[in-house]
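Could you put the whole structure together from the sequences, leaning on the hints where they help?
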Amino acid sequence: MPGNHTASAPRAAIPGGSRTLHAGDTVLISGGTAFRGTDKPVYVVDGEAIVERAVLADFRIDKNPVSNRRFSQFVAETGYRTHAEEFGWSYVFHLDAPRASPIPNLTWWRRVDGANWRQPEGAGSGIKDRANHPVVHVSWRDAAAFAKWCGGRLPTEIEWEHAARAGQGDVRFTWGDREPDDTDFLPCNIWQGEFPAVNIAADGYFRTAPEGSFAPNPAGIHNMLGNVWEWTADPFKIRSLSRALRRQAETKRGMKVLKGGSFLCHLSYCYRYRIAARTGNTPDSSTSHQGFRLVCDMS
1 MPGNHTASAP RAAIPGGSRT LHAGDTVLIS GGTAFRGTDK PVYVVDGEAI
51 VERAVLADFR IDKNPVSNRR FSQFVAETGY RTHAEEFGWS YVFHLDAPRA
101 SPIPNLTWWR RVDGANWRQP EGAGSGIKDR ANHPVVHVSW RDAAAFAKWC
151 GGRLPTEIEW EHAARAGQGD VRFTWGDREP DDTDFLPCNI WQGEFPAVNI
201 AADGYFRTAP EGSFAPNPAG IHNMLGNVWE WTADPFKIRS LSRALRRQAE
251 TKRGMKVLKG GSFLCHLSYC YRYRIAARTG NTPDSSTSHQ GFRLVCDMS
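Quick note: the sequence shown, position 195, residue 195 per the UniProt record's numbering, numbers continuous.
No wet-lab data here; the hints were simulated from the structure.
Honestly, I wouldn't trust all of these hints.
[Claimed, not checked] Estimated spans, in silico, between C-beta atoms of each pair: (1) 51 x 102: 35 to 41 Å; (2) 44 x 253: 34 to 40 Å; (3) 76 x 114: 16 to 22 Å; (4) 73 x 102: 21 to 27 Å; (5) 57 x 183: 40 to 46 Å; (6) 58 x 253: 31 to 37 Å.
[Stated by the list, open to error] Computed list of lysine-lysine pairs in DSSO-like fashion (alpha-carbon distance at most 27 Å, straight line): (7) 40 x 128; (8) 40 x 237; (9) 237 x 148; (10) 128 x 148; (11) 63 x 148.
Just so you know, even glycine gets a beta-carbon here, dropped at the ideal spot from N, CA and C.
Printed below as a string of structure tokens:
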């Protein structure tokens, strides 16, 4: 996953708590003993094999990722400018930016001037017909600013996994353990076809999918896997006794955890549309497949 910006742009002060999350747009998640990680890891180097437990309080979580519609309201009321807008560019997947120059060591990505949440593919694109799609090109700090404005917060990684599993135990996906395919079983918005050149979009979506596009998990939450990577509150750390893993984790110092995978994930590449899968990125980074959802405390 590309990391965007090497210096922080000036951030405007955001008034806190001027909006609240609406109960009808969220799902109540019962607390209790929860865990993150899995006994059936795929990418051990990411730290997903390290199972950690905690006792959680009840909380509410967005049914869907934060949409362009909601983010537009935030911007209209506060005048907020995202990192991508401040810097004047963001990362876009290569098929959506064929004229942009390739970037060394980032095969699938292009740096596109003018790409931001309003123009997801750069100049000439827009979100007029994507009001209920997840907002993208938002950094961790952008997501935190939105959360402060509406009285919510980003979930911790263990809260995110607890909500995704919805009481099913150590399942691989929000719907169980059945693997999606490219033709018949399409439970989430991921890549179908030969990555990264041919996306047959058997699920109907070349990019993001709108709210409620796929069946919810048992708790009633939509699109936690695939669609967009979702920022969490936690720093990206790999707690391991393995010296090699600790050394590799040092390269991601300062990053924040993202969960859920995206519409660019496929079994053959970035097999991270799994509950326990995780990645990290810098807090000021933004791409065309990063978004977020919020939680709120019950007390």
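For each hint, the structure was consulted:
Hint check: residue 51 to residue 102, Cβ distance near 39 Å, so the stated range 35 to 41 Å holds. Checked against the hint of 34 to 40 Å, the pair residue 44 and residue 253 fails, with Cβ atoms roughly 19 Å apart. Remark: the range hint 16 to 22 Å for residue 76 to residue 114 is upheld by a beta-carbon distance near 20 Å. Checked against the given bound of 21 to 27 Å, the beta carbons of residue 73 and residue 102, roughly 37 Å apart, lie outside it.
For the hinted restraint 40 to 46 Å between residue 57 and residue 183, the CB-CB distance of approximately 42 Å keeps it satisfied. In this structure the supplied range 31 to 37 Å holds for residue 58 paired with residue 253, their Cβ-Cβ distance being about 33 Å. Between residue 40 and residue 128, the direct Cα distance comes to roughly 42 Å. Violation of the 27 Å bound is thereby established for this hinted pair. Restraint check: the Cα-Cα separation between residue 40 and residue 237 comes to about 19 Å, which is no more than 27 Å; the hinted pair holds.
A threshold of 27 Å between alpha carbons decides the hint, and for residue 237 with residue 148 the separation of about 24 Å falls inside it, so the pair holds. Between residue 128 and residue 148 the alpha-carbon distance is near 26 Å, which keeps this suggested pair within the 27 Å criterion. With a CA separation close to 19 Å, the supplied pair residue 63 and residue 148 stays within the 27 Å bound.
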